[in-house]
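With the hints as extra help, turn the sequences into a complete structure.
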Amino acid sequence: MKIVVCIKQVPATHDAKIDPETKRIIREGIKAILNPFDNYALEEGIQLRDQFGGEVIAISMGPQKAENSLREAISVGVDRAILLSDRAFGGSDTWATSYVLAKAIKKIGNVDLVICGKQAIDGDTAQVGPGIAAHLDWLQATYVMAVDEISSSSIRVKRMHEDGYDVCEIPFPAVITVVKDINIPRVPSLKGVLASKKYKIPVWKPDDIDADKSKIGLDGSPTRVVKTQPPPFRHASTKKIEGTPNDCARSLLKELRMRSII
Amino acid sequence: MKVFTDNEKKEYRNIWVVAEVLSGEIQPVTHELIGAARTLADVRKSEVWVVVMGSGIEKTSELLFSYGADVAIIVDNPSLFGFIDETETKIMKRLIKKYKPEIVICGATTRGRSLIPRIAVMNYSGLTADCTGLSIDSDNGDLLQTRPAFGGNIMATIRSSNHRPQMATVRPRVMKSPEPDPSRTGRMIKEKMIPGDSTKTKNIIDIFHNTETAVNLADAQIIISGGRGMKGPEGFKLLKQFAKRVGGAAVGASRAAVDSGWIPYAHQVGQTGQTVQTKVYIACGISGQIQHLVGMQSCDLIIAIDKNSDTPMMQIADIAVVGDLFEIIPEVIKEIANL
Ligand SMILES: Cc1cc2nc3c(=O)[nH]c(=O)nc-3n(C[C@H](O)[C@H](O)[C@H](O)COP(=O)(O)OP(=O)(O)OC[C@H]3O[C@@H](n4cnc5c(N)ncnc54)[C@H](O)[C@@H]3O)c2cc1C
Ligand SMILES: Cc1cc2nc3c(=O)[nH]c(=O)nc-3n(C[C@H](O)[C@H](O)[C@H](O)COP(=O)(O)OP(=O)(O)OC[C@H]3O[C@@H](n4cnc5c(N)ncnc54)[C@H](O)[C@@H]3O)c2cc1C
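Those protein sequence lines, which keep their order, are chains D and F.
With my numbering, the residue at position 185 of the first sequence is 185, and numbering never jumps.
With my numbering, the residue at position 133 of the second sequence is 133, and numbering never jumps.
Any given hint could turn out to be false.
[Said to hold, decoys possible] Think about it this way: if two alpha-carbon atoms lie no more than 30 Å apart in a straight line, the pair counts; the simulated DSSO-like pairs of lysine-lysine are: (1) F:K240 with D:K239; (2) F:K100 with D:K213; (3) F:K244 with D:K239; (4) F:K2 with D:K180; (5) D:K213 with F:K93; (6) D:K239 with F:K10; (7) F:K244 with D:K215; (8) D:K240 with F:K240; (9) F:K93 with D:K106; (10) D:K213 with F:K231; (11) D:K239 with F:K307; (12) F:K231 with D:K254; (13) F:K10 with D:K215; (14) D:K254 with F:K240.
Source of the hints: derived by calculation from the structure; they are not laboratory data.
All values derive from a computational prediction rather than experimental measurement.
Right under this line is the structure:
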């Protein structure tokens with residue numbers, strides 16, 4: 001079994017701020033981390049390999065420093081890591097990002113299963129996983145909360161929905177996106193950390209994956225971010241209620257009754 | 001990437017909504033999206049079309065007109081009972097080619113977020129996720145989409161005007177549902193599936209409507225939510241009693257409470273949980289970090305109970321009750337019983 005896990009390096013979102021002058025996201029001095037949801041994707045890939053044999057490969061598209069996230073992947077036990085990095089990839093939206101990742105997956109060859117995180121915490125779209133499946137014209141299962149069974153030709157998963165879940169079976173090759181209920185990611189072993197330091201991460205460019213240059217980067221992206229700004233805030237004239245617990249309870253109920261809520 | 005000329009763009013008309021169907025029922029998010037689509041269509045002097053894919057959906061589709069739809073395209077087939085992304089993508093692809101919509105919008109639900117990116121890729125359309133605002137250029141139909149990103153810390157304005165159709169998802173409860181007008185009517189178009197639609201797809205073995213995970217916060221009028229201040233699962237028992245007393249309110253939670261394992265994820269409100277827009281939201285022991293606020297700040301009335309009066313939640317609340325919630329909530333429950 002050959003499994004590819006797609007991982008993204010993201011800024012730690014609590015810190016994301018907007019420059020009041022330029023209205024652009026300030027990226028300087030912000031810590032870059034592995035997208036939290038991708039830890040679950042890595043763990044699932046590693047568990048399936050351990051159970052079934054084969055190979056897990058982590059890939060990431062991003063700037064050179066995204067190699068740190070790939071090293072993290074090596075440290076928890078993936079077999080190989082590949083960085084897709086080139087100026088020409090910069091500015092890719094989800095269409096172009098999933099195109100590049102799909103091209104890399106094709107290049108790797110004979111891949112049975114691709115695992116993505118549910119969503120990245122910066123772009124927050126959850127569109128890349130299904131996008132990869134569409135570019136490859138493979139089957140997909142999203143919001144996967146459990147893998148029930150796996151064979152050499154198919155996988156049976158539970159998909160989470162708003163009103164419950166379903167169980168479906170998809171033949172390989174396929175793409176799944178996973179939610180955090182699926183497993184508990186391991187922490188890297190000392191041996192893993194050492195191995196990750198030594199690992200030489202290959203960097204692939206557009207030509208290495210036979211990418212059509214008109215389909216990557218800003219030029220290949222059908223969406224454009226035209227403006228960023230701080231979120232609107234709710235303005236309220238807060239009515240404060242204080243006093244003994246019973247006073248508070250009575251005052252609150254008075255407010256609720258005044259508004260015919262109870 | 002091919003850029004559409006103005007003349008090519010003119011071939012694309014009307015605003016489409018992809019209906020959210022669960023077990024043969026059209027979900028309220030569809031009505032909310034029809035409301036948003038209506039506003040756009042009125043600016044463009046065009047029509048609102050709704051695509052409904054499912055099994056046994058013809059009857060419920062008739063109601064769509066009362067919410068503002070002009071046309072409903074119905075694809076009614078037993079094989080569409082479960083959610084098969086691949087099949088629905090193929091159907092949508094055919095319909096888009098045939099009828100050429102200017103814009104396609106879809107609920108940002110687990111199903112919508114799985115289906116629509118697939119369609120967008122196949123079609124080379126731009127897709128903007130989780131929009132909170134949509135506005136349209138009356139002359140050329142270019143759509144301006146506003147959405148939160150970076151965990152709600154920023155709002156981005158996005159356009160994808162080089163292509164048609166332009167595509168967007170909108171979370172449930174972000175747009176207001178229009179009041180239905182039973183006298184409105186519309187046209188129904190029935191489209192058949194073709195054999196190719198269902199080749200190379202997944203096999204759905206079972207569907208579970210898990211009442212434990214099915215917490216329909218969206219349907220509630222009142223939500224009582226608990227955070228880290230609830231201290232443990234016992235705290236949530238107290239909230240459930242409280243909820244029962246105020247006429248069957250739903251129980252929500254912050255991520256801190258969910259991550260601590262005090263209550264299942266399905267109750268989580270916020271950026272990575274559900275967005276809610278209830279009449280009343282009562283936050284108990286939730287400090288109100290941005291990721292929580294983005295999921296509930298458009299509720300009509302926000303009440304916060306916290307021992308710290310300086311939290312962001314206490315600042316944005318309409319009513320802020322200052323004190324120990326373990327003392328106050330039992331008093332409230334007692335006082336309601338005395339009413
Ligand atoms: C403010 C802002 C708003 C944006 N809004 C949109 C928008 O509405 N529509 C749009 O098309 N683009 C948008 N983009 C661009 C988008 O963020 C990038 O294309 C990004 O590379 C991928 O999208 P995401 O972060 O949403 O990933 P998601 O689709 O949320 O990621 C899901 C999973 O895909 C995998 N993955 C994602 N990116 C990579 C990667 N680079 N390498 C390896 N694996 C990856 C990971 O497994 C991840 O868990 C926006 C960007 C910004 C800055
Ligand atoms: C990418 C990302 C996504 C996220 N998504 C979400 C999301 O969807 N939803 C979400 O909620 N969070 C989300 N978070 C987490 C968020 O940043 C906060 O960590 C979380 O909301 C805090 O939860 P809380 O308010 O319950 O806890 P705290 O911030 O610890 O607040 C607890 C409050 O309880 C009060 N309190 C304690 N004891 C008592 C008492 N006895 N009586 C009265 N008051 C008391 C305290 O004064 C305090 O104000 C996300 C974070 C990230 C990075």
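To see whether the hints hold, each was checked on the structure:
no.: 1; hint: F:K240 with D:K239; in the structure: 25 Å, holds
no.: 2; hint: F:K100 with D:K213; in the structure: 28 Å, holds
no.: 3; hint: F:K244 with D:K239; in the structure: 25 Å, holds
no.: 4; hint: F:K2 with D:K180; in the structure: 38 Å, violated
no.: 5; hint: D:K213 with F:K93; in the structure: 25 Å, holds
no.: 6; hint: D:K239 with F:K10; in the structure: 53 Å, violated
no.: 7; hint: F:K244 with D:K215; in the structure: 55 Å, violated
no.: 8; hint: D:K240 with F:K240; in the structure: 25 Å, holds
no.: 9; hint: F:K93 with D:K106; in the structure: 24 Å, holds
no.: 10; hint: D:K213 with F:K231; in the structure: 54 Å, violated
no.: 11; hint: D:K239 with F:K307; in the structure: 15 Å, holds
no.: 12; hint: F:K231 with D:K254; in the structure: 28 Å, holds
no.: 13; hint: F:K10 with D:K215; in the structure: 24 Å, holds
no.: 14; hint: D:K254 with F:K240; in the structure: 21 Å, holds
In summary, the numbered hints that this structure violates are 4, 6, 7, 10.
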